[in-house]
Amino acid sequence: MGPTVVAADAPALLEVRGLRAGYGQIEVLHGVDVTVRAGTVVALLGPNGAGKSTLLKAVSGQVKPTGGCVHLGGRHVNGTPPHRLARIGLCTIPEGRGVFPNLTVRENLLMDTYSGSRAADIEAHAFERFPRLGERRHQLAGTMSGGEQQMLAMARALATDPALLLLDELSMGLAPLVVESLYEIVGHIAAEGVSILVIEQFARTVLDVAHVAAIMSHGRIETVGTPAQIEAELSSAYLGVNP
Amino acid sequence: MSLLEARGVSLRFGGHTALHVVDLDAEAGAVTGLIGPNGAGKTTLFNAVTGLQPINGGRVSLDGVDLHRLKPHQRARLGIARTFQRLEVFGSLTVRENVLIGAELRKSWGHGPIDPTHDADALLERLGLVEFAGERADTLPTGHARMVELGRALATRPRVLLLDEPASGLSDTETETLSAVLGELAASSIAVLLVEHDVRLVMEACSSIHVLDYGAMLAVGTPGEIRTDPKVLDAYLGTPVAGGGPG
Amino acid sequence: MSVAQFLQYTILGLAAAGVYAVAASGLVVTYPTTGIFNFAHGAVGMIAAYTYWELRINHHLPAPLALSLVLLVLAPLMGIVIERVVMRKMGEASTITQIVVTIGLLATLIGIGNVLWPAGSATKPYTLPSFFGDARLVHIGGVAIPWHSLVVLACAGLVALGLRLLLHGTRLGVAMRAVVDDRELTSLTGGNPDTTATFSWVLGCFLAALAGVLIAPIVSLSVAGLTLLVINAYAAAIVGRLRSLPLTYLGALILGLGDSYFSLASAHMSRTPTWITDLHNSLPVILLFVVLLVLPQDRVRVTDRVRARSNIPMPSLRKAATAGVALVVVAWVAAGVLHGSALRAGGQGLALAVVMLSLVPLIGYAGQISLAQLAFAGIGALAAVEVVGANGSPLGFLVAAVVAGAVGALVALPALRLKDLYLALATMAFALFVEQVVFAGIDGFSSDTRVFGRFSLVSSDRAYFVFMAAVFAVLGFGVVVLRRSPFGRRLQAMKDSPAGCATVGMSLTATKLIVFSLSAAIAGVGGYMLACWKGSVGVDDYSLLTGALAMLPVLLLAVVGGITAVSGSLIGALILVALPQVAEAYPSLANLMILLPGLVGISLARNPDGLVADLSRLSRTVRDRYEARQAATGDPARAPRAARARAVQPEAVAFGRRAANDDELRALEAGLGVVREDCGVVA
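Protein chains in written order, with the working numbering: chain A, 24 to 266; chain B, 1245 to 1491; chain C, 12 to 694.
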């Protein structure tokens, strides 16, 4: 499947300009520019240590930018605490598992009600899309398989109707088939009109659902292009071969 | 027999299997690459070798000596040194002190007469750290800090050196220095194990490469063999999402 | 013994367990959700108990009203104030800072208790009637049980039930557990970490207060005594590993029943030796120590906490030597000028400076905490006087150092596996054990009348004063030498990165053992010096909580003076001994002087670097204000950012499908007061 077609001049839902951020004295982002237009999926690729996760954290409010700006819906939101952004429709699924391991499935879904949706609606939505979660509603999330945990995390993205979705390495440690099915869900969410910024190491997997791809390295965006352009560039970047 | 040998190493935390019956060989006088996607278990394997995480099965041996039951610092004294992906420099010490501490510790184990100060200064020179020698390590950018960790590890004059993403965050000149140091190390009798995402660097520096995927060894071979192995490319780039969905 | 007697002791034990369980569950609620262990938990209970006494006995309020005021108004208020004023943003601070700040809070609350309810001067005795009357007994199966015990048991049951319902049945409760699992993720889902933190402090203070009110009628009220009683509950919380409520209740059960059966057993002895009684009293402390040691511990691991930057000065040896000589000269002059209580206080300051100096390598360099330094000091003093006799001898200092150092090593050996908070708790338990069992059991020492003489060469006050300054100068010089040595480097390396140390071949165990032992030895010397200076000392001079110069104020002032510097010890000690002098000279400031050590400890929450950093920040603020005023009078380019805000209205885009989101976003932006122009984007 390919991504849905969107207008190239759709308004910018997320606009990052000259963003600088880091940890303590060490600057990780040295001026990053990224735009996510309404209804598009932007894939962020690049080696470890390039600053992809830091960029996501700066957008979600977890890392305070030291320079430049983050605009959501044309509004300046630098330095806003993450929970306030989450309550207005920014959904972030962080690296690793985006679930609370010592809460049950239902309790995990209860946490999603901070986004403004009702608990009953969230559960109905989640259990309809992932019947397996319904069967395990009283199980502790940490005792489920990695794939099931990631489904639970994705249920938040599905059920809370976010404006912008940030995904960080959904595939980490998961079997290829599971990764595939997760990205099918990402495709569905995108088709509903949710804008997505996604970090992924498996370039081919993500390029299929992306409208735009960007390669990041050394704290800057190096290249922006269509998925096809970027894929060709990547295979040589990774292993020095032409596939 | 290789200098560093892992046989059938398995490691689990919680219900998650991080390493599944992994074999690994690092020869003296060679740089061995260890590559694989994020979360494949590379750092975990380093933790298993250095003793920071206990293993649930298999054995790790250095020059035929089983390392089982040895604590991390005892393994270090036998000659296993490492760097960390998430930096572990001694932040409140200066760059020089960081390197000096390695040399001083080596001297304190009674490994022959060495002059720690001389050793440390030589290493600072070799790694291009002289101009930062007096600065606190926690004020350094990532690239310099990685070189400091490398210097600290080398100061213990290890037999086996484990490098965890030494090139990540390095500038181009620093990567060149690193590459040159790797070359020198390969020519010495040290066994170097290199985890690195900069595949070009790995292909250039390593004589053999291990590919780890989902906690298991996917492939072992020369750079040429690894480069043309379709399994490896799939492991790196993933597979396209097949069928379905709107489009 | 009869079955009825056994039953009676069992029920009394259960009631005690109930109090412990209530107190400990407060810790188990607050610690995991906020990451901060509240050393002041016991003091909160103490304040609540005294306030209840004040309302009930002094102001004759009916019990239900007094209880409501204490539990539903005072306790939540304390929780909110503690969280807002002290603890917020402390999650980022180093564990040592967190420990010191809550100890500052503990010292402050004890200070408040001492100011408001001074021992022995009340018009009415500090006792409270039991709930439903002292004499009312219930007879169950031939056993007479006080109503109060049943009330306590009912409260413990209700607390367990209530916590279960809250933590599993409400979103706020689930969010509190979610914070424990993953703080970042909680805020990413929209949960406000500040709200959960405030609520868990409120809940923690409520439970501490409830425990205090429940225990108050059983004992006669004393500030230190009540605080310690709730501290006993720490052992139960540790059994629950500060996480599990059911295990915490089990720990409380062990404590309560153990205590009760101990009483039963000693009631059947024909003659109870005093050490049995002492041992009985310190049962919770022993349990705390043992449980800490048998707890499974984390392995050496890669650090995940943001490390606090500490600046450790490294003076040159020449400078250190000059400072040392200067100190001795100043002391010689001072000893001639000062007399009476000022001289006595100054001398105590020099002795305490040595005890504080023992913390410099331990906390300042190695990042290991100990609350037992004054216990080591007392042990050093006792050992010295046992060996060299009451007439004194220079040899005494050697004995003090060696014995205290050896005991320090003995304590460190099992405690080495412990880190940060657990190490603080274990050393606290050891200090209390030494105080309650060892010191209390030594003739003369328990009554503060043990005689210590100075050796003949420095027997005069003036000579001894200068001698103490010289000892501090020599030891301080030694600590500077240590800082510059390879071993000093290793100590700091251990603080920065244990994993890094292990992988360059450093034995963390050996390094910790040496520094702990060295530090205890220095404290031992300080302790013997203090004893010889005062001439007669006892348990009150080497106590954790009680006494004018207890361990907690010593630790607080050492940190405030500057825990990484030798000079900081001297400054801290001199401030500490000056406080009572000021109080004497200016009686109106007396209460402030009592509260001051705790308050400065709390101030570290805002500024872990101590007073010096405060001063530099103040000068910066003044400069900024000055510049802002300059800007306002002319140059528009230098106008504050806020004035330029909203000069350009950004083009808004609908964010999400809910109109409310856009309103919220607009409100957010307005609150930030920054415009697109600032970002280099031309609107």
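It is worth saying that the hints were derived from the structure and are not from the lab. For each residue, glycine too, the CB sits at the ideal point set by N, CA and C. Take the hints with a grain of salt, since some may be wrong.
Quick look at which bits of chain C chain B covers, simulated, 3 or more residues with Cβ under 8 Å [unchecked claim]:
| hint | stretch |
| --- | --- |
| 1 | 71 to 81 |
| 2 | 490 to 503 |
Restraint ranges, calculated between C-beta atoms of paired labels, are given here [unchecked claim]:
| hint | chain 1 | residue 1 | chain 2 | residue 2 | range |
| --- | --- | --- | --- | --- | --- |
| 3 | A | 71 | C | 261 | 56 to 62 Å |
| 4 | C | 274 | A | 161 | 24 to 30 Å |
| 5 | A | 247 | C | 180 | 46 to 52 Å |
| 6 | C | 602 | A | 125 | 24 to 30 Å |
Do residue 71 of chain A and residue 261 of chain C keep their Cβ atoms within the hinted range of 56 to 62 Å?
Given a distance of about 45 Å, which is not inside 56 to 62 Å, the answer is violated.
Against chain B, does the stretch 490 to 503 of chain C show at least 3 residues with beta-carbon separation below 8 Å?
With 4 residues in contact (Cβ-Cβ under 8 Å with chain B), the coverage given for the stretch 490 to 503 of chain C holds.
Could you see if the CB distance from residue 274 of chain C to residue 161 of chain A stays within 24 to 30 Å?
The hint (24 to 30 Å, Cβ to Cβ) is violated, given that residue 274 of chain C and residue 161 of chain A are roughly 45 Å apart.
Could you see if the CB distance from residue 247 of chain A to residue 180 of chain C stays within 46 to 52 Å?
Holds: the Cβ-Cβ distance is about 49 Å, inside 46 to 52 Å.
Assuming the hint says 24 to 30 Å, is it satisfied by the Cβ distance from residue 602 of chain C to residue 125 of chain A or not?
46 Å, violated
Can you take a look at whether the stretch 71 to 81 of chain C is actually covered by chain B? Rule is 3+ residues, C-beta closer than 8 Å.
Our answer is that it is violated, as 0 residues pass the Cβ test (under 8 Å) against chain B, missing three.
When held up to the earlier numbered hints, the structure conflicts with 1, 3, 4, 6 and fits the remainder.
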